[in-house]
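Engineer: Residue numbers (our numbering), protein chains in the order written: chain A, 1 to 530; chain B, 1001 to 1310.
A portion of the hints provided could be inaccurate.
FRET-style restraints, in silico, Cβ to Cβ [to be verified]:
id, chain 1, residue 1, chain 2, residue 2, range
1, A, Thr40, B, Ser1050, 25 to 33 Å
2, B, Glu1069, A, Asp57, 54 to 62 Å
3, B, Glu1279, A, Gly228, 35 to 43 Å
4, A, Lys388, B, Glu1069, 32 to 40 Å
5, A, Ala306, B, Glu1290, 33 to 41 Å
6, A, Leu294, B, Glu1069, 51 to 59 Å
Residues from chain B shown here face chain A by an in silico Cβ test under 8 Å; the list is partial [as the list claims (entries may be wrong)]:
id, residue
7, Arg1093
8, Thr1289
9, Thr1293
10, Arg1294
11, Phe1296
Some chain A residues close to chain B (C-beta under 10 Å, calculated; not the full set) [as the list claims (entries may be wrong)]:
id, residue
12, Phe129
13, Ala132
14, Arg137
15, Gly232
16, Ala233
17, Met244
18, Gly245
19, Glu250
20, Met263
21, Asn345
What the hints contain is simulated information worked out from the structure, not anything from laboratory work. Ideal Cβ positions, reconstructed from N, Cα and C, are used throughout, including at glycine.
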Amino acid sequence: MTAMFEDYQGSDGPAFDEMFDGPSLRAPYERLRASLHDVTVPELAGRLESLQTSYLDQGVTFDIGGEERAFPLDILPRVIEMETWSTIEHGVQQRVRTLERFLEDVYDAGQVFLDGVVPRSVVATSSHFHRASAGIRPANGVRVHVSGIDLIRDNAGEFRVLEDNVRVPSGVSYVMTNRRAIASALPEPFAEHRIRPVASYPQRLLAALRAAAPAGVADPTVAVLTPGVYNGAYFEHALLARTMGVELVEGRDLECRRGRLMMRTTNGLEPVHVIYRRVDDEFLDPVHFRGDSLLGCPGLIDAARAGQVTIANAVGNGVADDKLVYTYLPDLIRYYLSEEPILNNVDTWRVGDADAREEVMDRLDELVLKPVDGSGGKGIVIGPRADKKELDELRTKVLEDPRAWIAQPVVQLSTVPTFVDGRLGPRHVDLRPFAVNDGNRVWVLPGGLTRVALAEGELIVNSSRGGGSKDTWVLAGTGSGSRPHHVEQDHLAPPQSTGPAMDDLTSTVEQQQQQQQQRTTPGDEEVATC
Amino acid sequence: MLSRIAESMFWIGRYVERAEDTARILDVQTQLLMEDSAGEEEVTCRNLLSIMGVPAPADTPVDTALMLEMLAYDSTSPASVAAVLGAARESARRARETLSVAMWEALNTTYRGVASGQFRMLRGHNTYRWVRDRAALINGAADATMTRDEGWQFMVLGRSIERADMTSRLVATAALAGGIGAPWTSTLHACGGYEAFLRTYKGLETERGAAEFLLLDRLFPRSVVFALNRAEQCLDNLEASGSRAGISNDAQRLLGRTRAELEYRSLSDVLADLPAEMERLQRTCALATEAVTRRFFAGAETKDWSGVRI
């Protein structure tokens, strides 16, 4: 056993340990441990330190309260076998296809309400339902160009969906930068695994965005819309724009003229056909939403309605990732696709339903209560960790507006070995795979962002709450990871040496210089003549 | 390219050049102050602050330490090297997607050197050398990795205008130092042009020669005329229209006229009142910047009259 893994026994709680199955190793981690056999703890700590410095130098950072910090990355990767990944991939694809169908329905005929699958009130009362979006038909039918479906692994090791993000899911830039950083920090295991690459994401995204362009535009101009440098995810916006080779615009760079979206350039106004916006709905167009917003562009919604510009992701998608709608997703999958869900939800009570409410109120101290429109872990109350006063406050709030809450049992997220404070310890993780829909196919980036709660026992993994991340390796082929065969090549001739024969020349010059030196010694009469 | 990004590129060029040139000026001046035992410290420091356009505090004595604080280390003092490097990085962050990785990293690690306090720990000559090294690294990374597109032209335009401005300040400080030490020699050293000057003037070192070299030499990259020429070229490249007669670009007109005046007037004329002449030059640079801003960075506004390009 290596020094590094010597003391590490995995998790001893009820949580699923992704590395150990009792005393024995699970298959995907055998190779990882073997390949790190010779790496000692101090060496690993050294590599971690240089990794963090390199993140600061590269500017791979995020903002907490105005302070720029290196995005925290744990040095040990999380490994997922091909078979397991295949389930996730199909499950995510199924989910995204369903959400697309649901959104299309919500902003059009509303058949799903008429058929009694989901009460109309669920959508009508959602703060993310925007009538402004009704009647806007996306050029290629896609509303969820990019999605991030949050998964956790429950006590039995089964991946379950925790929430859907179909507005502006972030984090994909860290998937790409983490991969590069870990490849250079851990060359040994990297060389011994066959890992599916993640670098093609920007090309996939660009292709999907171009495919979504308004009809009749042969060579569409795509731009990424950012709130600006003070946004916490600015690094990501810049990276996506850079790797796609498109402009990164702010609201003040944009202007709508005659129903078209234009950007201000040194040559005057130029049209934009597809805008990958990373600005929330409410700030996107002061004409329709918040009138005081400086982040968006007045007239954008009307330009979209006129079919002159495609907004990705579509405005009003929030109704589909509302946590209350989430509870209906298994039914929606059966309704729209006539399939059984591949990935299950976490068991959830709708507090708005009278029966459920009664049970939830009785068991507040053992459940997790979540606001339906919250994100980033905001407003979540974990019953077993709350004191009486907090629970009383929660009870009052929930009863005031039951529609605004769901309840779930406390799920122990699975654990993965993580290097914290100079030693390995089990830490809870979740997983956000990213999917890109180009209208023909939902493509799932192999890996996704593994977020890890760096504090021991902590269950909330969001980076806004001090969480870190891990590189996520999806293995190609079976877990045994055979490496590709070396291909015999014709031997190339060595580079031809051209130019003057430097060696001779140098030695001649050297000799002359040495002679010169001797002659210029003090007292030498030749000095004056040379 | 986006007007806002073009503006960022222009200012990256200016800020990096300003940091470097401020360091060069401080290098000369601190050395002269050290050599000067007569104790004119207060006057010299105040003069230098005034030449750099920084209001000196009226009620407290100004010594070398305070001057260095204001011009080098204090990141809240807008003219300081620390502040200017921070501003360059901020501009780069706003244009992040257009910069090459190499150039961004050079700028970002430089800024980190300031933010982490490492820059403040440096003293004396090491400070100036560090700034020069960093600027060389940033410019070198840009040279080697950026395409010569509009963004590049704007960056070099900014750098050139700033260089003309700052070289004129260097010349003014040398003229100001008057009798003490050997200001022209130090100034030439600070520009990294002492050897080039000696070769050009065959070792004949005169004040007049040095001034001529720093102002008018067409081959030395830090001379005023060289910088103005380069700025004109950039503007030429940026004006794609290629008008056949006259100059339609205000900035180009301003810079071209000033360059021609320097080149065609007799040297004695120019040297007669060097400080005033240099101030005029600095005003030209400021006006040219305003003209560039109006012409390129205001974006749509300038197009209002000619209608929308679709």
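Engineer: For the pair B:Glu1069 and A:Asp57, does the Cβ-Cβ distance stay inside 54 to 62 Å?
Structural biologist: For A:Asp57 against B:Glu1069, whose Cβ atoms are near 27 Å apart, the range 54 to 62 Å is violated.
Engineer: Report holds or violated for the interface hint on B:Thr1293, using the least CB-CB distance to chain A and a cut-off of 8 Å.
Structural biologist: violated, 11 Å
Engineer: Would the hint on A:Gly232 be counted as holding, given a Cβ-Cβ threshold of 10 Å to chain B?
Structural biologist: violated, 14 Å
Engineer: Hold the hint about A:Met244 up to the distance rule: shortest CB distance to chain B must be less than 10 Å.
Structural biologist: holds, 9 Å
Engineer: Would the stated hint for A:Glu250 survive a check requiring a Cβ distance to chain B of less than 10 Å?
Structural biologist: holds, 7 Å
Engineer: Taking the least C-beta to C-beta distance, is B:Thr1289 closer than 8 Å to chain A?
Structural biologist: violated, 15 Å
Engineer: Interface hint check: A:Gly245, Cβ to nearest Cβ on chain B, cutoff 10 Å. Holds or violated?
Structural biologist: Holds. Min distance 9 Å.
Engineer: Verify the interface restraint on A:Arg137: the C-beta must sit less than 10 Å from at least one C-beta of chain B.
Structural biologist: Given a least distance of 24 Å, the restraint on A:Arg137 is violated.
Engineer: Starting from the range 35 to 43 Å, see whether the pair B:Glu1279 and A:Gly228 falls in it by beta-carbon distance.
Structural biologist: Holds, since B:Glu1279 and A:Gly228 (Cβ atoms, about 37 Å apart) stay within the stated range.
Engineer: Can the hint on A:Met263 be confirmed by a CB-to-CB distance to chain B that is less than 10 Å?
Structural biologist: Since the shortest Cβ distance to chain B is 6 Å, the answer is holds.
Engineer: Taking 8 Å as the limit, does the beta-carbon of B:Arg1294 come near enough to a beta-carbon in chain A?
Structural biologist: violated, 12 Å
Engineer: Holds or violated: is there a CB of chain A closer than 8 Å to the CB of B:Arg1093?
Structural biologist: Since chain A brings a Cβ to about 5 Å from B:Arg1093, closer than 8 Å, the hint holds.
Violation of the numbered hints given earlier is confined to hints 1, 2, 4, 6, 8, 9, 10, 12, 13, 14, 15, 16 and 21; the remaining hints are satisfied by the structure.
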